[in-house]
Each structure stands twice: as C-alpha cells, then as structure tokens.
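Participant: Reading the sequence shown from the start, the letters are residues 2 to 354 in the numbering used here.
Keep in mind the hints are simulated off the structure, nothing from the lab.
The reader is advised that the hints may include incorrect statements.
[What the hints assert, rightly or not] Just the calculated beta-carbon pair ranges, DEER-fashion: (1) L329 <-> E187: 34 to 40 Å; (2) T243 <-> D66: 19 to 25 Å; (3) G163 <-> E123: 40 to 46 Å; (4) L84 <-> R130: 24 to 30 Å.
[What the hints assert, rightly or not] Simulated pairs of lysine to aspartate or glutamate, EDC-like, Cα-Cα distance not exceeding 20 Å: (5) K87 <-> D59; (6) K216 <-> E183; (7) K209 <-> E42; (8) K90 <-> D136.
Because the structure is a prediction, the values reported are computed rather than measured.
C-beta atoms are modelled at their ideal positions from N, C-alpha and C, and glycine is treated no differently.
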Amino acid sequence: MHVIFDVLHLYYLPQYLPVHQQLLAQGFRSSFVFYHGIHDEVIEQIITEQQLTSTWVDSAVQACDYYRQQQADWVFFADAFSLLDKVHKVSKSAQLGHGIGPKASYYTKSDTPMTVRFVEGEYRCSRLRKMYPRDVFIDVGFCKLDAIVNGDDVGFCLDDLGLDSSKPTLTYAPTFYPSSIECFPENWPEQFADFNILIKPHYFSIAKEKYKKQKQLLEHWANYGNVYLAKTSDYSLVPFLTSSDILISDASSALFEFAALNKPVIWCDFLKLRWSYSGIFSYRFKRRMDKDYGEYADIAVHAQHYPQLQQLVSEQYAQPAMLAETRLSLTDKLTGTLDGKASERIVEYLTTQ
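With the hints as extra help, turn the sequences into a complete structure.
Facilitator: Rendered as structure tokens:
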C-alpha cells in the first residue's frame, strides 16, 4: 500500500506524521507532497530530519498531475481539494484535519466529499453524518496527541532554549485572525517575569504580509530573556503542549488541544477585529464560529481585557484542577478517545478498504 500526504501548509505535518510513522512500522510506503513557498529551506531541513520521501509542486494542478501519475492507494488532504474528481480516477482520498478549534470551517471543509474523513469523537462524527448523509466519516480520535499520550519524550529542554528550567512555563499560542496579539502591550513579558514564556503563533502570523504587524510584535517580544519565540522550524505545537504548565490563547485549536491534556487554559476574549467584523457587522464573526462555540467556552477561564490576565494566570497556576471536570467532559466531545492509538485506527481502516 502506498499513501501520499498533501502538505499545502507546513502546519498540516504534525497531524500527518503519526499516521506516516504507523504506516512505516507496518511496512507500507508513505510519501509527502510539499508546495513551494517562502520557507522552502526550512521544509527541506524538516524533510531531512524526518527522513521523508517527498516531492515539490507549485500548485494544486501540479499536485493533481503527480497524484494521477503515482496512482497511490490513498491521498491524504487536510482541507478541501478542488481537483478531487481527477484524483478519484486513480486513488482514494482521505481528509484528516489539522486542528479541533471552534470555527465553523471545521464542518464546511467537507463540502467537497472525499472517500473518507477521519474525525475526532463521536459527537462531531454524528454532526457531520447529518450534514453530509452520503459521505463516510470515521471516528478515530486526535492523532496529533498520540505521542504525548503514549509518554514519548517530545518536549523541549528549556535550558537549551535559554530559559530557566526552575520556573513554571506558560505558552502563548494565538491564532492569526481574529487574534489577541495586537491587544497585548509591548512590554507584557516583563509582567510575567516569574514564568518562562513560549510563544507559538499561527504560521500565517509570521508568513503572510497582511499580518506583518503581528510579526513585528512577536519579534519584539522575542528579545526578552524569559521568552522563546517559535521558529518556522518549530512547526509542531506538540513540544509546546508538553513543556507548558499553562496556556494563553484565543479561539484557536491550540486552546482545545492543551485543554485535552487537562491542563489549565486562559481564553483571551479581547481581539483585534477588522471593521468589517465589528459593530453592526459582528454577525460575521459569529458566523465564523461553530454553533457550539458558547458551550466550548466553558473549557477555560476568560480574560475579557488584558489587565485581567496576570491575576488569572496566577490563579490557574496555583489551582490547576479548578476546571478539570469541565475540561475532561468537553474534551471527549472535541477529541474523542485519547488513548494514543488514533493513528493505529486510521491505518487499520486504510488496510481494510
């Protein structure tokens, strides 16, 4: 069996790699298709480090031509693919989303039906089946967290990052839009001097020109001695999840992935919204979020404004079990079974079809 992974964006890779490793362990072929962009050198390093069989393309059209040539058993996508009909003439397709966040796009990415979509949990699986009754959805869990659940050593050595391993560690992992980044003061790391701060922004915050103001702030914060700003090569959130005691985020997948490990999370409700998403247009922001957004909000304590953040961090660090029951309850709804075997279930399905 030959499986190809379509890596339109580098941040898809952490979800793919556990499946890739499981395929290799069972003696199957696995390869990756990367798209040329501004970080080709970094991706080449990752390809070498992970010993990946890979091919480069410039566009979806080139990728499609490659898939038709290879005629693999399966091609994996993390999002919709416009040329799927052509791929289906030679291969089966699988969708494996990269995150579990509260955005409505989690569901609508199934507007383009694939042979199968692997889903995190029975609740989401059931919703998708009602929305797309003719399509196939399989509940496997969330394979990005397999390594952590299995106790693999996937965290950082804080000393190697120039941080103080005797201090507690918090991760700030904002998304790109709508984001809290531009609502943080320029000197905020000073106010958290008792913590190591790992900053893991969304890839778009450092890669896309339209978010250059975010990038400028992130690079400014990196100058503080208690801060480590993720490099482009730090494409995976997993080491940050493993190494942190507490997480600060906004409406991002990172927030729910951290909460799934039953660690305390602080949700920033203060966001910089474009004028077209605020005031009388606020319905656009609400439409961007999933209908369960309000219920998901209970998984964390909320900072309505930045000045509340320091006290909330102190409280959550001192009492990490405060929302433990709520986190565990909602995690089952968001990720399904967390037993470290999601990638095994995916490969088992592939081999039986």
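Participant: It remains to establish, for every hint, whether it holds in the given structure.
Facilitator: Status of each hint after checking the structure:
Hint check: L329 to E187, Cβ distance near 37 Å, so the stated range 34 to 40 Å holds. Checked against the hint of 19 to 25 Å, the pair T243 and D66 fails, with Cβ atoms roughly 39 Å apart. Distance hint check: the CB atoms of G163 and E123 are about 44 Å apart, consistent with the given range 40 to 46 Å. Take L84 and R130: their Cβ atoms lie about 25 Å apart, and the range 24 to 30 Å holds.
Restraint check for K87 and D59: satisfied, since their Cα atoms lie roughly 18 Å apart, inside the 20 Å limit. Proximity of K216 to E183 is assessed by CA-CA distance (about 10 Å); at most 20 Å being required, the pair is judged to hold. At roughly 17 Å between alpha-carbon atoms, K209 and E42 fall within 20 Å of each other, so this suggested pair holds. For the hint pairing K90 with D136, the CA-to-CA distance comes to about 18 Å; that is within 20 Å, so the pair holds.
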